[in-house]
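Visitor: Dock chain B against the given chain A, drawing on the hints supplied.
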Amino acid sequence: MAGPVANIHEISGSDLISALHLAQQAPAILGQQSGSGTISNSSDTADYYARLEQLMLACLRTGDDQSAHTCLNRLSLRFGPSNERIMGLRGLYEEATAKDQLALEKCLQEYDNTLSQSPVNVPILKRRAALLRSLKRPSDAISSLIQLLDAIPTDAEAWCELADLYQSQGLGSQAIFSLEEALLIAPNSWNIHSRLGELLYICASDGDASRLLGRSVQHFSRSIELCDDYLRGCYGLTLASTRMLDNDYAGVSGQLPKKTLERLKAFALLKLGEIVESRSVDDQHWASSRSELIAAKELLNRQLK
Amino acid sequence: MAIQGDEQTILRDPALFYWILFPISIVMILTGILRHYATVLMNSTPKSPSTLAESRERLALLRGVNLRNNACSVLDRESFEIRKNYMVTGFRNGSFLKDPNNRGQPPANPMTDPAGMEAMMGMLKGNMMMMIPQTLIMSWINAFFSGFVILKLPFPLTIRFKSMLQSGVMTRDLDVQWVSSLSWYFLNLMGLQSVFGFILGSDNSANQMAQQMGMANPAAMVNPLQPGQDPDKLYLNEAENLEVMEHFCILDGVEERILQNFAPAGI
Numbered sequence: 001m002a003g004p005v006a007n008i009h010e011i012s013g014s015d016l017i018s019a020l021h022l023a024q025q026a027p028a029i030l031g032q033q034s035g036s037g038t039i040s041n042s043s044d045t046a047d048y049y050a051r052l053e054q055l056m057l058a059c060l061r062t063g064d065d066q067s068a069h070t071c072l073n074r075l076s077l078r079f080g081p082s083n084e085r086i087m088g089l090r091g092l093y094e095e096a097t098a099k100d101q102l103a104l105e106k107c108l109q110e111y112d113n114t115l116s117q118s119p120v121n122v123p124i125l126k127r128r129a130a131l132l133r134s135l136k137r138p139s140d141a142i143s144s145l146i147q148l149l150d151a152i153p154t155d156a157e158a159w160c161e162l163a164d165l166y167q168s169q170g171l172g173s174q175a176i177f178s179l180e181e182a183l184l185i186a187p188n189s190w191n192i193h194s195r196l197g198e199l200l201y202i203c204a205s206d207g208d209a210s211r212l213l214g215r216s217v218q219h220f221s222r223s224i225e226l227c228d229d230y231l232r233g234c235y236g237l238t239l240a241s242t243r244m245l246d247n248d249y250a251g252v253s254g255q256l257p258k259k260t261l262e263r264l265k266a267f268a269l270l271k272l273g274e275i276v277e278s279r280s281v282d283d284q285h286w287a288s289s290r291s292e293l294i295a296a297k298e299l300l301n302r303q304l305k
Numbered sequence: 001m002a003i004q005g006d007e008q009t010i011l012r013d014p015a016l017f018y019w020i021l022f023p024i025s026i027v028m029i030l031t032g033i034l035r036h037y038a039t040v041l042m043n044s045t046p047k048s049p050s051t052l053a054e055s056r057e058r059l060a061l062l063r064g065v066n067l068r069n070n071a072c073s074v075l076d077r078e079s080f081e082i083r084k085n086y087m088v089t090g091f092r093n094g095s096f097l098k099d100p101n102n103r104g105q106p107p108a109n110p111m112t113d114p115a116g117m118e119a120m121m122g123m124l125k126g127n128m129m130m131m132i133p134q135t136l137i138m139s140w141i142n143a144f145f146s147g148f149v150i151l152k153l154p155f156p157l158t159i160r161f162k163s164m165l166q167s168g169v170m171t172r173d174l175d176v177q178w179v180s181s182l183s184w185y186f187l188n189l190m191g192l193q194s195v196f197g198f199i200l201g202s203d204n205s206a207n208q209m210a211q212q213m214g215m216a217n218p219a220a221m222v223n224p225l226q227p228g229q230d231p232d233k234l235y236l237n238e239a240e241n242l243e244v245m246e247h248f249c250i251l252d253g254v255e256e257r258i259l260q261n262f263a264p265a266g267i
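From first to last, the protein sequence lines are chains A and B.
Once you know that position 140 of the first sequence is 140 in UniProt numbering, the rest is easy, because the numbers rise by one and skip nothing.
Once you know that position 251 of the second sequence is 251 in UniProt numbering, the rest is easy, because the numbers rise by one and skip nothing.
This is chain A alone, in the form it adopts within the complex (with noise of 0.2 angstroms):
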């Protein structure tokens, strides 16, 4: 039993295939304890009861409704209904196994009702924000979001979420400072400064158009620094440097001059294709990420035609 525990930790939150992969091993890891009946000391670890808290989530995601119930009550044993993160994922699993629109309004309004007592309710507020969103009510969710970030302005993961709802919404500078500001909580995260790289590229379209661009180059060229092979950095690196050249940018008011772009499209290429082929070779363990290596690998092809 000791290897499927073991292995949890690799498992990364928005990839279904692995959270399958943990899901079906839920009665197992679940049954591990139902035998001796009361919790052991030795399992009583906050190691433990993170794994747990990631099985439930990841059986709620494959609709193993059943275990994850069972993995909320254990929690709720341990720390007691009234703790605000049992309380947030209470709620999280209420959302996920609510039948209608009208369940999840109760929900709303039990939000509502939770935060009315205690204010200050970090998760309650994160689950009503994101359920607002659900609820094809994207304004709400936005100010929600706002008044949130307002009280606990050092959230980065609050203020990614606020980036991704401004970007649905079309705004796209609101978006670009919200990441920014998750930046400046997390300055070292490559995946963020690749985020705000794409956003930077995707905003590009106006007058502003050459600044942004060679700003998401320099996001982009940061995530790489940080994380050598990481694969979007380098496609976005690919696509942005490209576009520059595309579009003569280079060169222009305190740009990049056109060759250093030239050699960065070319680095950007070669590592493309390192990363692609070293990641085929392997195909299982990138499984999670597949659809963006086929892009790349879409991209590589254009690009050497």
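Distance windows between CB atoms, simulated:
#, chain 1, residue 1, chain 2, residue 2, range
1, B, 118, A, 147, 26 to 34 angstroms
2, B, 260, A, 103, 51 to 59 angstroms
3, A, 258, B, 265, 17 to 25 angstroms
Here are the simulated DSBU-like cross-link-like pairs (lysine-lysine), alpha carbons at most 35 angstroms apart as the crow flies:
#, chain 1, residue 1, chain 2, residue 2
4, A, 136, A, 99
5, B, 84, B, 233
6, B, 98, A, 106
7, B, 98, A, 136
8, B, 84, A, 258
9, A, 259, A, 305
10, B, 125, B, 98
11, B, 233, B, 98
12, B, 98, B, 84
Since the hints were derived computationally from the structure, they do not count as laboratory data.
All residues carry an ideal CB built from backbone N, CA and C; glycine is no exception.
Guide: Just chain B, lined up with the frame of chain A:
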């Protein structure tokens, strides 16, 4: 005077070892463990802010610090200036304060402020946890074992160590290698940290659960404001720090840098 180089010999009853040295060590270790668990038991989690405004008051300062520390790796000049102006104006106006109307008034007396009272109680409890067992054990040793020479160190020491190793034994001529019972207590008090680390795991292992429960709530975890401190003063200080900041950006020239560092020579 003791003649240098001449070995002093004192005939010690071996029972001294079983009835003094051993009990003192055991008692010290046990009180250490007891104290650890008592601290865990009485440890009160830091109070999370009860209103959004209170949370903002605490975290606005951290935001300023974050801006100061990390601006160089994220922002270009323009967006840095905008943020700097916003933060500095906010700090100066006191718009981040819990209640801006109370600005400039002397801070509430910590004795009457319930939050301050709680923090002081916490400190008091911590101090008591150290003081009481120490006093008890020291008086116990003084009452029962004072004046015993219980141990000979296997290496020579200079005369300076005499007051450290032979407290409670007023013998001028005794060689420094001999250790008295009271001194053995002090040595244990100072030197058992690694033993506790071995028995109880690393120092903060007992607090892990509390940490995990607080994890999801960043507002509760950090409180840069000590009780009784005036946030307004800290804000003005931070505004000044931000004002004098020189902007530079490590994103400038990052393209050449990665070409130089990562690209093969041919490109």
